[in-house]
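Visitor: Taken in sequence, the protein lines are chains A and B.
The first sequence: position 199 = 199 (the working numbering), numbered continuously.
The second sequence: position 312 = 312 (the working numbering), numbered continuously.
Hints listed in this document are in silico derivations from the structure and should not be mistaken for laboratory results.
Honestly, I wouldn't trust all of these hints.
[Said to hold, decoys possible] Cross-link-like lysine-lysine pairs, in silico, DSBU-like; alpha carbons within 35 Å at most:
no., chain 1, residue 1, chain 2, residue 2
1, A, K430, A, K184
2, A, K92, B, K657
3, A, K345, B, K389
4, A, K210, A, K92
5, A, K447, B, K372
6, B, K629, A, K379
7, A, K87, A, K119
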Amino acid sequence: MHIRKYDFNYGRRQLMKNVAMGAGAGVLMPLSKLFAAEQSIAKAYPDELMSIEMYTKGKIKPGDFITAQNVDVVKELLDPIVYDQIKTMNRKIKIRATETDLTKMFPYEYYDATMRNLKNGLAGKFNADGNVVMPDGSNWAGGMPFPDPKTGDEVQANMAMSWGRGDYNQYAINDTVFNPDGSKGYSYDLVWAELQVQGRCDGKVFRDMKDLVRLQTVLFTATQDVAGSSFLSTWYYDQRKFPDLYGYLPQFRRVRQFPTNQRFEPLIPGVTWFLSDAWAAGDPMRTWGEYKILERKPMLGAFNSNWGGADSDNWVHNVHGGPTGETFFDVEYELAPEVVVLESKPVGYPRSPVGRRIAYCDVRNSLFCGCIRFDRQDKPWVNFEAGFGQYKAGDKEVKGPDGKNTAWSWTYVMSFDSQTRRMSRIAHQKECTGGYQSIFKQGEDEKMYSRFFTQQALQRLGQV
Amino acid sequence: MNDFHVRQHLLKSGALAVGLGLSVPASAGLFEDMDVSFGGFVRAEMAARTTALENPNNQGGNYFNDRSVGRTAFVPPALLPVVGGSDGLLQVLVPGTELGEWGSVVLPLFGDNIRRGDEIVSVDNDFNYTVLRAEGEVGIRFSSELRLIARVRAVYDPTFYDEWDARSVEQFNNGIEGGEDFDERLYTRSPNYFDYIVAGGNTPNPLEWTGRDYQVYFPALVLEYNTGDFNFRIGNQQIAWGQSIFFRVFDLPNGLDLRRHSILDRALEEFSDKRVPMLSARLSYQMTDNILLDSYVGKFQPTVLGNPNTPYNIIPVQFTVQDRYEQGGYDDELVYGLRLKADYGQWGWQAAASRRYGPEGVYRWTKSGVNKQLTGPLGSLVNVLYAAKVPAGDGGFCNGGAFDATLCRRYADSGEALANSPFEASPGGVYSADEWFRYAAEVRLDGITGLNASITDFDGSQDVYATPVENARQAAAQLNTFFIAANDSLRGHIEREYFQENVFALGVSYVNESDNDFLNQLIFNIEAQYTPERTFTNITLGQEYIRQDEYTVSLVIDKWHRFFAEFPGTYIVFQALTKNRSDLVGRHLSGYGGKPLNELEPTATRATTGKNDNANYVVFGFLQPFPNKIWEIEFATLFDPEGGIFAQPGVRWNPGKGVTVEGFYNYINGELWGNPNDNLLSTLDFAEEFTLRLTYQF
Numbered sequence: 001m002h003i004r005k006y007d008f009n010y011g012r013r014q015l016m017k018n019v020a021m022g023a024g025a026g027v028l029m030p031l032s033k034l035f036a037a038e039q040s041i042a043k044a045y046p047d048e049l050m051s052i053e054m055y056t057k058g059k060i061k062p063g064d065f066i067t068a069q070n071v072d073v074v075k076e077l078l079d080p081i082v083y084d085q086i087k088t089m090n091r092k093i094k095i096r097a098t099e100t101d102l103t104k105m106f107p108y109e110y111y112d113a114t115m116r117n118l119k120n121g122l123a124g125k126f127n128a129d130g131n132v133v134m135p136d137g138s139n140w141a142g143g144m145p146f147p148d149p150k151t152g153d154e155v156q157a158n159m160a161m162s163w164g165r166g167d168y169n170q171y172a173i174n175d176t177v178f179n180p181d182g183s184k185g186y187s188y189d190l191v192w193a194e195l196q197v198q199g200r201c202d203g204k205v206f207r208d209m210k211d212l213v214r215l216q217t218v219l220f221t222a223t224q225d226v227a228g229s230s231f232l233s234t235w236y237y238d239q240r241k242f243p244d245l246y247g248y249l250p251q252f253r254r255v256r257q258f259p260t261n262q263r264f265e266p267l268i269p270g271v272t273w274f275l276s277d278a279w280a281a282g283d284p285m286r287t288w289g290e291y292k293i294l295e296r297k298p299m300l301g302a303f304n305s306n307w308g309g310a311d312s313d314n315w316v317h318n319v320h321g322g323p324t325g326e327t328f329f330d331v332e333y334e335l336a337p338e339v340v341v342l343e344s345k346p347v348g349y350p351r352s353p354v355g356r357r358i359a360y361c362d363v364r365n366s367l368f369c370g371c372i373r374f375d376r377q378d379k380p381w382v383n384f385e386a387g388f389g390q391y392k393a394g395d396k397e398v399k400g401p402d403g404k405n406t407a408w409s410w411t412y413v414m415s416f417d418s419q420t421r422r423m424s425r426i427a428h429q430k431e432c433t434g435g436y437q438s439i440f441k442q443g444e445d446e447k448m449y450s451r452f453f454t455q456q457a458l459q460r461l462g463q464v
Numbered sequence: 001m002n003d004f005h006v007r008q009h010l011l012k013s014g015a016l017a018v019g020l021g022l023s024v025p026a027s028a029g030l031f032e033d034m035d036v037s038f039g040g041f042v043r044a045e046m047a048a049r050t051t052a053l054e055n056p057n058n059q060g061g062n063y064f065n066d067r068s069v070g071r072t073a074f075v076p077p078a079l080l081p082v083v084g085g086s087d088g089l090l091q092v093l094v095p096g097t098e099l100g101e102w103g104s105v106v107l108p109l110f111g112d113n114i115r116r117g118d119e120i121v122s123v124d125n126d127f128n129y130t131v132l133r134a135e136g137e138v139g140i141r142f143s144s145e146l147r148l149i150a151r152v153r154a155v156y157d158p159t160f161y162d163e164w165d166a167r168s169v170e171q172f173n174n175g176i177e178g179g180e181d182f183d184e185r186l187y188t189r190s191p192n193y194f195d196y197i198v199a200g201g202n203t204p205n206p207l208e209w210t211g212r213d214y215q216v217y218f219p220a221l222v223l224e225y226n227t228g229d230f231n232f233r234i235g236n237q238q239i240a241w242g243q244s245i246f247f248r249v250f251d252l253p254n255g256l257d258l259r260r261h262s263i264l265d266r267a268l269e270e271f272s273d274k275r276v277p278m279l280s281a282r283l284s285y286q287m288t289d290n291i292l293l294d295s296y297v298g299k300f301q302p303t304v305l306g307n308p309n310t311p312y313n314i315i316p317v318q319f320t321v322q323d324r325y326e327q328g329g330y331d332d333e334l335v336y337g338l339r340l341k342a343d344y345g346q347w348g349w350q351a352a353a354s355r356r357y358g359p360e361g362v363y364r365w366t367k368s369g370v371n372k373q374l375t376g377p378l379g380s381l382v383n384v385l386y387a388a389k390v391p392a393g394d395g396g397f398c399n400g401g402a403f404d405a406t407l408c409r410r411y412a413d414s415g416e417a418l419a420n421s422p423f424e425a426s427p428g429g430v431y432s433a434d435e436w437f438r439y440a441a442e443v444r445l446d447g448i449t450g451l452n453a454s455i456t457d458f459d460g461s462q463d464v465y466a467t468p469v470e471n472a473r474q475a476a477a478q479l480n481t482f483f484i485a486a487n488d489s490l491r492g493h494i495e496r497e498y499f500q501e502n503v504f505a506l507g508v509s510y511v512n513e514s515d516n517d518f519l520n521q522l523i524f525n526i527e528a529q530y531t532p533e534r535t536f537t538n539i540t541l542g543q544e545y546i547r548q549d550e551y552t553v554s555l556v557i558d559k560w561h562r563f564f565a566e567f568p569g570t571y572i573v574f575q576a577l578t579k580n581r582s583d584l585v586g587r588h589l590s591g592y593g594g595k596p597l598n599e600l601e602p603t604a605t606r607a608t609t610g611k612n613d614n615a616n617y618v619v620f621g622f623l624q625p626f627p628n629k630i631w632e633i634e635f636a637t638l639f640d641p642e643g644g645i646f647a648q649p650g651v652r653w654n655p656g657k658g659v660t661v662e663g664f665y666n667y668i669n670g671e672l673w674g675n676p677n678d679n680l681l682s683t684l685d686f687a688e689e690f691t692l693r694l695t696y697q698f
């Protein structure tokens, strides 16, 4: 018999108190200590925050599905749009056990860099300009700068400094857009490539580009009307500055420079997401502001979700739900013991259609599962829901950059416009049109730089 | 797009290797990453006319088809010394009369009233453009370094038009003929929409197959090799440079293909299907993180214009054009150039140099080669007089020394003389002096000096008593006399040639950052081009081309701005361009300001005023997406401060499932104020239309 040391609501009360006190993560002990000691996070939280079965008093347990019939049991653990999808759109979500091993919640190299900093007593801080720097004021050298985030700024910085948490990330993506009636409207293939310039896991500065933090290119390979469109964003280390944006549009047959201050525009017809939505940190961090932790609470989310490789060779999850049974991926949620409900506002965009956004961030790895943006009337607009996890399912496994450890990355995104009921269902695939593959490699940054991140590369990627 | 990937396991199985005739080991690394992708679309495109004005450059839309014009014949001054010299008969009868000029002495009984429409049938079209288009693109990636890209475009025009057929004038003076370089496909039948035929009869665009109503070609067929900072492409390809949209300051390598829908497609597509692909090699090298070098060398391909009597033809069909692209050896010429582009944060710069042949080409009078005598009562009289002249080479005073065209002849008859002039006595040409001056003004040529050049540069013209004139009155008198002698009309023959030029370009860009939301992220680009000794068509069509230094400067300002919370941001572009020698399409500015005959002073010695200042243009455009970008509103306008405007509002609907619907209206007004021949847009006034495009992509 398990003897309960704390009453049932102790954990939740303590989390609320932590918010009031501006304390870091952890209820029974600071999460950061466990992080540094490489111990199970179970020691930081009482049982009811670590077990969905205990939390729901046996009504739901790992392996069960949350459906319209039982979703009200866990309504408070879901973001409101996911709740609505389950309640009204025939969405169902399988529940899995809460992950207690932190090493499974990061790419190995990123975790290693974070641990290295912790062991050396190095933590990030903000300089006078609001940028993350090392204790000595130099630019951040890699890993998660705030393993125990206490403020909204620190949570956001953890997401903003290194999007994919690898030095080079290349994602082959399909974005299928469903119309409000559930019919398939659009199906785009694209390649998203990120090259981290600073804040890298290897601690180096790529090509000595000390004023930059990353280079990022998106290339559309299908459908035919957008194929060959590519955009290169050069991100400054200074998060007050907008990236430089160069694009190749097939109709122009050449690379042109484009303005980059409008971040709330659909790049292609039908999609519900904006550049601003990516990674819940798609804009330079200091062009947003008023970061505020509204709440710390347990939540259900795809924080360590199932990998689509179990369902198909191209890593695409099976689907269900919606008017035609195709709107949602079959994904798994787990109970995260402590999720920061982070509010932020687009203070640098006076005419933004977005009033604010709320990201639900797991303190274990400072990553979001859902990020809801609200319109100017403060109505929920779009939920940018993402799943993350290791690329392993049964005997199928994808190795990470070092070729030894299991790869870790985002596995899917479902960007749902709750006002128009339009869904962008985005899969992180093994391969997409054009033969581009998702890549987890290290040591090929120079090659990838030439391939994706120069104006010559844009011209070449642009086909004809 | 449906895509399929030829995966390495297929290759490893040997199936593809066999199919490609390759001998690749099962685990070969060379084609390990091989992939094939395919995509394409089909599109129906139609443009409905919204103006009653047919294209006046075509036979069926000629301004004078429905107008009756009086013509008077005069005694050629070349004959006056015989009858009216200082001691001649007329001087005796009417002392003091100036007889040495055209218009002095009327030839009674030969005058008439001509109505062009009595020979030339007018047309009345509801549509300017109706085509079905299919495009497909195949990408074969052999490895991360090597790939082949092939894009094929097929266009079919069912020709649902009220067409003017040249066979309808065969009964008049044996119809339109042409000479040895003449191609019947262009001038003696119904319009040919797609063949690009040069003198000699060939269709010189490589990898292109065309007929009257279809066109199939490869806008791209390129093999690409990429390694590190080098990228090399070889094949049929298009190359575009520069930040300016539509204004071709840096956009030097390719000519334009103005068949199909001319320049009247969606403005925001710019020249996407207009650049003439060129067999070329292109090497680009990322020299540093910030500097890109781009270079090319290719086989020269000129701009292709719409054929005679096709809806967007811009060369009046009273001309027969002999394109010397092959005969002049230009098809063997190479063009080449390089560009450096560098970007440093807010600032950027670019520089380019190109040695090329001007793709637009230049025009001048050329011998018609059509041996067809003058005819009709007056023509017969001329023929008799001509036969009475002493043939050169028969000895006597017609040999050596100053040749007297009044008494001597170089040719057997007036037909041979005309063959050695730029004229052809056939229907479908110019019927009156009024028509001559009106059209000269519209194409920015000088009707007076142009006439003189057609005489002084050609002994065949002089042989049939044509002589240079001093003013508009004399020109009109001479022109009408010869039109009557041709028993209706004269067709003019011009040749198109190409000249080498060195083009230099410099550009600078700056991204403005400001706390003011509207001023923030404004991107400024200035691009300048300088071409020393550029060759222009002489406004006389004379044999001597105009050669002058030309500069072109453009300013481009782009930005995104959100005006409404409910709508995505608006993309806004503003552009301005100035040129000191020619207009946007390369016509020399000295040919501007021309007037019809009835607006010219009879004593005017020039029919054009020319432009004293530069040609200036302003472009403003915007793109306003709706939420989710399912609807987009577009607007673009080209404004000529001299009194012309081209405005294009449009809407685009992306309902999904591979379907796109686009509609846009082309409003063109070249008569806002002033003389229409002072602005660019009056040239396209006839092309006001609504275009609808339905696309299905696969």
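Visitor: Compare the structure with each hint and give your call.
Guide: Results for each hint:
1. A:K430 x A:K184: holds, 22 Å
2. A:K92 x B:K657: Holds - the C-alpha atoms of K657 of chain B and K92 of chain A are around 27 Å apart, at most 35 Å.
3. A:K345 x B:K389: violated, 96 Å
4. A:K210 x A:K92: violated, 47 Å
5. A:K447 x B:K372: violated, 70 Å
6. B:K629 x A:K379: holds, 21 Å
7. A:K87 x A:K119: Given that 35 Å is the threshold and the Cα spacing comes to 46 Å, the pair is violated.
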